[in-house]
Amino acid sequence: MGAGEYWNPKTETLGREELAALQLAKLRRLCDWAAARSPFYQRSFREAGFDPSQLRSLDDLRRLPMLTRDEWMASQGERPPFGLLPVAGREAAIRWHTTSGTTGREPIRVLDTAKDWAWQAEMWCYGLWGFGVRPADTAYVAFGYGSFIGFWGLHYGMEKMGVLNVPGGAQTTEGRVRQLVDFGATVVASTPTYALRLAQEAERLGVDLAAGGVKRLILSGEPAGSIPQTKALIERLWGARAGDTAGMTEIGTIMIFECSHQPGGTHIIEDHFIEEVVDPAGGEPVGYGEAGERVVTSFGRGIIPLLRYRTADLVTRVPASRCDCGRGFDLYEGGILGRVDDMKLVRGTNVYPRAVEGIVREFPAVEEFQLLLTREGHFDRIALRVEAAPEVTDQAWTDMAERLAKALADAHEGLRFEVERAQAGELPRFELKARRTVDRRDTPIGG
Amino acid sequence: MPTTDLLGRPTTEAEDELLELYRRCKALLARDDLAPCARAGALVATVGLWNAVNDLALEHEQLLDLGA
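Chains as they are written, first to last, in this note's numbering: chain U, 1 to 447; chain Z, 1 to 68.
Just to be clear, a hint being listed does not mean it is correct.
[Said to hold, decoys possible] Over 12 angstroms on every C-beta distance to chain U, these chain Z residues come out as not near it, computed from the model:
{"hint": "1", "residue": "T3"}
{"hint": "2", "residue": "A27"}
{"hint": "3", "residue": "L28"}
[Claimed, not checked] Computed list of lysine-lysine pairs in BS3-like fashion (alpha-carbon distance at most 27 angstroms, straight line):
{"hint": "4", "chain 1": "U", "residue 1": "K406", "chain 2": "U", "residue 2": "K344"}
{"hint": "5", "chain 1": "U", "residue 1": "K406", "chain 2": "U", "residue 2": "K215"}
{"hint": "6", "chain 1": "U", "residue 1": "K433", "chain 2": "U", "residue 2": "K344"}
{"hint": "7", "chain 1": "U", "residue 1": "K160", "chain 2": "U", "residue 2": "K215"}
{"hint": "8", "chain 1": "Z", "residue 1": "K26", "chain 2": "U", "residue 2": "K10"}
{"hint": "9", "chain 1": "U", "residue 1": "K160", "chain 2": "Z", "residue 2": "K26"}
Keep in mind the hints are simulated off the structure, nothing from the lab.
A virtual CB, placed ideally from N, CA and C, is assigned to each residue, including glycine.
Same shape as in the complex, but just chain U (with noise of 0.2 angstroms):
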């Protein structure tokens, strides 16, 4: 491989050895640092009896405690509005950033420093550039920019590496289309559900994006980036290639991309993270191969150390040699599988709302769902409600309704799901994270 191909040649290509080397070098800075400046970690080592002089190989990251999302919450309101993890307040900071909140809770508020944010831009350019985008595109930025970090650290990460950006913000999404039509735009930047948006939107304005000029979409924010099916269907509508990343408000950037030779999975960008896989229920460390819990540890942001955080982010890890790129960077397999409590239990099946996207995805008519499930009395209902394209008539409906149905029976122990025609319009759409999966029973999984 040309030393072209990566961001950083000298640290993307290091053997496993040195890649561990390098990350305990670092973590035990951050840990000196941790316990130097955090109120919420002076407290959590004193507590777990752990002091970082302890830290003699990466196998002693274990003695740290882990931390939930529902401390860093309890911290907020034990000292509002950061809580108790920052190492200094807001005056030290140029951003303030939230959660985005899909999931109803209070939002986790970040603070980041002129040096974290510069962080942040740093790693998006490690997974563009990974996949391919150089200083000649032109890239269109499909976001809302507001207090949800997003695709923020991707705008300055283009800007960084030399890319003429546009900010697609305080937009319509015919506004966009035209827009990244108009600029000649070679990377669209977007959730997938959004560019699936986009491209409805395309259609039916007749504009043909995939005989148009965007070769690389850039997805993130949600777990279909990586979903086979749904990104094919990306990659058919507007003939370019689809890249998926993820990242998280929590670190503030992306931890993980998929480069250029597409293997099936995104590369957890090793120099900058540490990434642990555990049995959700019991916190051990599972193995290659096994899905468990993501826990990351960042040596990015240093006005919010972050140490061993679980993010109920579901992955299967795999070695690097799974890529030929030459990266020396593991990969999760399928990058974000799903979140650890997705899971739907319905008499007595699992049901994994991106097993079912995977299914509907392979129905080109279906331009918009929603997986809702309620209770008659001691009975659980699932229904897929389904906005197809107007031209679908009502023999067709019928027709792709008993399709679906027996294909989501197959996938799931014969579970009937009853296949539902929404109105044109009735179901609601998303520009960040989609949330297609409404449970209405009013007792909690496996009740």
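Using the hints provided, position chain Z relative to the given structure of chain U.
Positioned in the frame of chain U, the structure of chain Z alone reads:
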């Protein structure tokens, strides 16, 4: 005097130059006699070089006390 990176490898000539620039930028940023325009420029330069030396495993430290 030869220097090494965080992995104990000898640094290259280009890396030495980056490190030297980074250290000089930090020293500049630590001064208290900079005009606001000079301080802002020095801060941007320092942060940019911090990313380079951090990526290249030459240095890994926090800049909070320098206002970054």
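For each hint, the structure was consulted:
1. The claim that T3 (chain Z) is not at the interface with chain U holds, since no C-beta of that chain comes within 12 angstroms of its own (minimum 15 angstroms).
2. Consistency note on A27 (chain Z): stated as away from chain U, and its beta-carbon is indeed over 12 angstroms from all of that chain's, at 16 angstroms minimum.
3. Listed as a non-interface residue, L28 (chain Z) keeps its Cβ farther than 12 angstroms from every Cβ of chain U; the least gap is roughly 15 angstroms.
4. Restraint check: the Cα-Cα separation between K406 (chain U) and K344 (chain U) comes to about 19 angstroms, which is no more than 27 angstroms; the hinted pair holds.
5. Proposed proximity of K406 (chain U) and K215 (chain U) is contradicted: the alpha carbons are some 36 angstroms apart, above 27 angstroms.
6. The suggested pairing of K433 (chain U) with K344 (chain U) holds, with an alpha-carbon distance near 19 angstroms, which does not exceed 27 angstroms.
7. The hinted pair formed by K160 (chain U) and K215 (chain U) meets the criterion: a straight-line CA distance of about 20 angstroms does not exceed 27 angstroms.
8. Between the alpha carbons of K26 (chain Z) and K10 (chain U) the distance comes to roughly 24 angstroms, so the proposed pair stays at or under 27 angstroms and holds.
9. In summary, the hint linking K160 (chain U) to K26 (chain Z) is supported, as the alpha carbons are separated by about 21 angstroms, within the 27 angstroms threshold.
Checked against the numbered hints listed earlier, the structure breaks hint 5 alone; every other hint is satisfied.
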